[in-house]
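Enquirer: Residue numbers (the working numbering), protein chains in the order written: chain B, 434 to 759; chain P, 434 to 759; chain F, 8 to 344; chain X, 8 to 344.
Honestly, the hints are just simulated from the structure, not real lab data.
A few of these clues could be false.
What the hints assert, rightly or not - Distance ranges between label pairs, derived from CB positions: (1) 664(B) x 728(P): 54 to 62 angstroms; (2) 758(B) x 69(X): 24 to 32 angstroms; (3) 236(F) x 744(B): 22 to 30 angstroms; (4) 335(F) x 493(B): 48 to 56 angstroms.
Said to hold, decoys possible - Simulated crosslink set (PhoX-like; lysine-lysine; CA at most 25 angstroms straight-line): (5) 303(F) x 303(X); (6) 204(F) x 60(F); (7) 243(F) x 303(F); (8) 303(X) x 342(F); (9) 626(B) x 687(P); (10) 741(B) x 243(X); (11) 126(F) x 741(P); (12) 687(P) x 60(X); (13) 342(X) x 303(F); (14) 687(B) x 342(F); (15) 198(F) x 60(F); (16) 303(X) x 243(X); (17) 342(F) x 544(P).
Note that beta-carbon positions come from the ideal geometry of N, C-alpha and C, so glycine has one too.
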Amino acid sequence: MSDSARLDGTRLLRAYRQMKLIREFEERLHVEIATGEIPGFTHLYAGQEAVAVGVCEQLGDADYIVSTHRGHGHCIAKGCDVGGMMKEIYGRRDGLCHGKGGSMHIADIDKGMLGANAIVGGGPPLAVGAAIACKLRGGGHVSVAFGGDGSANQGTVFEAMNMAVVLQVPAIFVFENNGYSEHTGCDYAVGSKDLTARARGFGLVAECVDGADFHAVYDAMGRAVERARAGGGPSAIEARITRFYGHFEGDPQKYRARDEVARHRETMDCLKRFRERMRAGGELAEAQLDAVDAEVLALIERIVADAKAAPPPVEADLYTDVYIHY
Amino acid sequence: MSDSARLDGTRLLRAYRQMKLIREFEERLHVEIATGEIPGFTHLYAGQEAVAVGVCEQLGDADYIVSTHRGHGHCIAKGCDVGGMMKEIYGRRDGLCHGKGGSMHIADIDKGMLGANAIVGGGPPLAVGAAIACKLRGGGHVSVAFGGDGSANQGTVFEAMNMAVVLQVPAIFVFENNGYSEHTGCDYAVGSKDLTARARGFGLVAECVDGADFHAVYDAMGRAVERARAGGGPSAIEARITRFYGHFEGDPQKYRARDEVARHRETMDCLKRFRERMRAGGELAEAQLDAVDAEVLALIERIVADAKAAPPPVEADLYTDVYIHY
Amino acid sequence: MPQMTMRDALNQALHQEMERDERVIVLGEDVSGGAGGTSGEREASGGIFGVTKGLLPRFGAGRVIDTPISESAIVGAAGGAALAGLRPVAELMFADFVGVCMDQIYNQIAKFRYMFGGKSRCPVVIRMAMGAGMNMGPQHSQSIYALMTAVPGLKVVVPSNAYDAKGLLIEAIRDDDPVVFLEHKALYPRKGEVPEKPYTVPFGEAALVREGEHVTVVAIARMVPFAERAIDALAKEGITCDLIDPRTTSPLDFDTIVESVEGTGRLVVVDESPPRCSLAADIAATVAERAFGRLKAPIAQVTPPHTPVPFAPALERAYVPGPPRIEAAIRHVLKVS
Amino acid sequence: MPQMTMRDALNQALHQEMERDERVIVLGEDVSGGAGGTSGEREASGGIFGVTKGLLPRFGAGRVIDTPISESAIVGAAGGAALAGLRPVAELMFADFVGVCMDQIYNQIAKFRYMFGGKSRCPVVIRMAMGAGMNMGPQHSQSIYALMTAVPGLKVVVPSNAYDAKGLLIEAIRDDDPVVFLEHKALYPRKGEVPEKPYTVPFGEAALVREGEHVTVVAIARMVPFAERAIDALAKEGITCDLIDPRTTSPLDFDTIVESVEGTGRLVVVDESPPRCSLAADIAATVAERAFGRLKAPIAQVTPPHTPVPFAPALERAYVPGPPRIEAAIRHVLKVS
Ligand SMILES: Cc1ncc(C[n+]2csc(CCOP(=O)(O)OP(=O)(O)O)c2C)c(N)n1
Ligand SMILES: Cc1ncc(C[n+]2csc(CCOP(=O)(O)OP(=O)(O)O)c2C)c(N)n1
Ligand SMILES: [Mg+2]
Ligand SMILES: [Mg+2]
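One chain only, chain B, in its complex shape (with noise of 0.2 angstroms):
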């Protein structure tokens, strides 16, 4: 029995309402961000919501994952705080990171997220050590690389695939495969067309999943999990996907077909697929899933609100925390 099998009701209503909630945080964004209220640029994650759910749906608070700058489904996913999240991207006072970060390096240690990253590639070396950390302690946790197509060209991300293998640290590496490094095809910059057997050339374990099907990304990362818990070191996933807005905001997209989106909208939408899977299978009712969509939309109803409304940093807090002690 695959692990998606045995998820209960409770367990599946969860795992909508991440995708969901990482969905309307970042469809609500999209709209903010176009009244100009949002300082810095963004990079939404919707689209790609099942993959940053099926991977830490699989995971605890002791288990680590690195981000990219595409971050904010991978933090909601790992349970940082939605309402610190909303204030770190305003640039608030009280947001995750007292808006020393923004979008591009929203962090919580203590869940596990150390942190999202601008540097495409800066992710991976830092898992592996988190990785080699989890070994050493013993408790069987893992470590979590995401990263993009793109970035899987970036030399720091080969060095830590080859590094992980050697050392057989529980490291996964999850790419998602969104067809596009900022205005180029992955068909174009990977020069084998085929993250999965680059990563095999490594010596990774590595299997590809569609990367709109929860379950299907949930059941892959399952089978990585218990490898690298059992201590059979590190593996790669890569998830075929697709984002449904541009590379930042304000991307006009031109290199892509007209109606790619509005057909990957249609096919490749992990919550419809979701709903029609619980409508087939009968394990959720549309009832429930309603509930968690109003809920959700109250809630990000509610956070942007406090966001908007909470106090920007002061000058004095520009010179805190560079160290602890200096």
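Following the hints, position chains P, F and X with the ligands against chain B.
Expert: Just chains P, F and X with the ligands now, kept in the frame of chain B:
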């Protein structure tokens, strides 16, 4: 018919002479370094000669190579002046780099030798660039990156391989797998334990050859060069080989089985193997090879004497050639 | 003369030099964009800041090269291509990304000529967008001119306006040494008069942006327009300043600065990077030595604090030395004797 | 007290801290050596400079980790392990190799705590061997303290002797902030008295190595013994100097230097890295500002020229500021008034 089967006596004799010249250059350095007269630290190429020569005999002056910290063999094979090299290693004013670079930085741009490199993994990105130039100019020239098994774990090398595939440039990555990076075995440091397969994962056409067999290297290189010159893109060659000395001069080699080098000197000596083959095939007479040996030894004697007698740089040299114009 | 943004001036320089010299190539992530996309449209990007727009349709994919996210390979390829006779212009997007390709810049490209005893030339230009002011956070906002200036073998360019940007970029491309070309991203939209024809601005010659008698102010890149504002405000009170824009930090035109300080006796250096081992310190130390005895007040360094660049607008504004801090520093050096 | 080389003092510090705290791990290339070799012998190396010798047999391969040649992964793994609660000591072998892992140092490890709003701690020590003097050529001889000191979030240590080396390394390992620990390779064999027991030397407190009245000399790492020689030679003529060894360049004990200069009125700064945006400039600029009016002569910076480190012994000797150049600089500042 393989490329090597087409080599006439003159070409074969030249190949032998190149290998012999490298060997004696290094054997003599081994002796001279022990006297303390040679500054810095030096990595000897002895044992790997068939790789440098097998590769470079397929190249002309308009083809490029980039080399490594263990670069003497590549330099000689690509046609650098051995007298200038010896003086450079001794830190003399009229050394190939005027004494500024030393053993690890010998270069000769006119010969297409873009430099030894003391940074492991420093060269392959450069080779991709030279390959871009070759492709753009359209003359059918190629660019070769030499590297060790250890270098193959450096992120820059992975990036270079992927980029070469993406751009379909005439770059050839030659990995000299001598079993060790410094004091660590390749079986440990390369997670997949298979450099060739890993290169294939990058979309490179890759093959593995016996690096002590000049003919095998020459033929594999012939295939790669032919493909590259015809616009067929990059390749990788792994040459399994051994080094006859330590990582650098002074290395006690505790990581090697006691009899390893002695055994390898028996079975993996490219000069012996070449001589045997000539004996079997009758392409070259013993006497011809003996004459080369004598000529090479005399040459080494002369260039060492010259290097010892040559004057060191003067203080004014310190300030020149930082910029062309400043 | 046409008014043009700094972005367009840089774009024009690239067009003109690629036209003039077929050895000039451009490479980097999304320098054109659209490769491998599903729309079939190339030039989906033209550079994330739009500086390389129009090059692909004009010069083709052989000379305008989109790359994977592999900065070491990008910069290294530029270096190797330069050794092999091309004149590559590599784009690094954000200057903060030097971290993933620093070796190729500081150990390879910068050192080739010296290491090889003068036998090579490596005419590479590495363009990067630097600077704070757009709330891009700690890893996308740094000003790295000190890091680059410290490296023997590199030349470092820091234009503050459209005119200089075009002339300096053409100079950089024609220069036979490696050049790090730092474009402040907040200055891309800054407009100025820019001649249509190609021209060069020489390296190592500072521009005297304002002339005055009481204080010498040296400012870099975006700090130049900020200093202009501070100085123009003070001029109304009769306080006048020399404002010097070095334009290149390596080589740096110390002579012009020292000469000015010998007249004014007072110096304010405005630098957008943190204070330790900074360009501000570099200039202050050299001037303090060369104009010793002529200084009527300690040299004031106006820099951000020793912290990363924060994200929140309120913090970033406090981080970047703006006109009020520059004005205060000028008043301060005038008060001390 | 036992006489010990700096190498052995560092080795002892590692042994004692690994003994004391099981969260301390060591990782890097050949920190033990022999993995995958054909002899079956581990600890074939003990670190290319011998500093990590004996750790593998004592603490095992779980805590003494040999790695592939992948510096970004090494430093990154150290950073990630630190975020996850360990106290890693990463060895980078030659400091010149920062180029291939600079991002992990300056954009990641240095910035975590700030970017994350104070929520993380990253107690990493990155050890590297720096410096010229062994004819190792342009890519194996650099002194990178300015590069590291410029980065907010890093602490930077530059021991000049065995006693300080041990105490500073123990302090570094116990420190909760990231520390770059720079060991001058020409100093490894330098002997000094070193207590057997663990002890710490605090960061940000300079050592007064010589006391005198005419000139203040500040020197870093290997420049300290060179300055000692110059100063001791001059003492025979009645010229006496304060010699200050900052020991850490971030934080840097400016107070001790300024106080000394207020007494002597003259300062010579000796730095082994090239002059632009250097630590010498950093110290000179700050002292020129803070001791303005007390300086009787311009501050002299004694540094190598703006060139890479050359290979040939004759050139390298001319490159490195040795005792004669230091002596000349001291005489020079004494002549000027
Ligand atoms: C080292 C580095 N290079 C380039 C960038 C600019 N950049 C940000 S995101 C991105 C594309 C990343 O693509 P991918 O890994 O596929 O992630 P996705 O955006 O698709 O989620 C690039 C090039 C960066 N932030 N860091
Ligand atoms: C970036 C970098 N890391 C580490 C070193 C130190 N180092 C020099 S050679 C070497 C081993 C290289 O192994 P390999 O690539 O197999 O080449 P070989 O020495 O066997 O020829 C190492 C680790 C270096 N010079 N550069
Ligand atoms: Mg992507
Ligand atoms: Mg090897």
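Enquirer: If a hint holds in the structure, say so; if it doesn't, say that too.
Expert: Status of the hints after comparison with the structure:
{"no.": "1", "hint": "664(B) x 728(P): 54 to 62 angstroms", "result": "holds (60 angstroms)"}
{"no.": "2", "hint": "758(B) x 69(X): 24 to 32 angstroms", "result": "holds (30 angstroms)"}
{"no.": "3", "hint": "236(F) x 744(B): 22 to 30 angstroms", "result": "holds (29 angstroms)"}
{"no.": "4", "hint": "335(F) x 493(B): 48 to 56 angstroms", "result": "holds (53 angstroms)"}
{"no.": "5", "hint": "303(F) x 303(X)", "result": "holds (14 angstroms)"}
{"no.": "6", "hint": "204(F) x 60(F)", "result": "holds (19 angstroms)"}
{"no.": "7", "hint": "243(F) x 303(F)", "result": "holds (23 angstroms)"}
{"no.": "8", "hint": "303(X) x 342(F)", "result": "holds (22 angstroms)"}
{"no.": "9", "hint": "626(B) x 687(P)", "result": "violated (43 angstroms)"}
{"no.": "10", "hint": "741(B) x 243(X)", "result": "violated (72 angstroms)"}
{"no.": "11", "hint": "126(F) x 741(P)", "result": "holds (23 angstroms)"}
{"no.": "12", "hint": "687(P) x 60(X)", "result": "holds (14 angstroms)"}
{"no.": "13", "hint": "342(X) x 303(F)", "result": "holds (22 angstroms)"}
{"no.": "14", "hint": "687(B) x 342(F)", "result": "violated (57 angstroms)"}
{"no.": "15", "hint": "198(F) x 60(F)", "result": "holds (18 angstroms)"}
{"no.": "16", "hint": "303(X) x 243(X)", "result": "holds (23 angstroms)"}
{"no.": "17", "hint": "342(F) x 544(P)", "result": "violated (64 angstroms)"}
Comparing the model with each numbered hint stated earlier shows that hints 9, 10, 14 and 17 do not hold.
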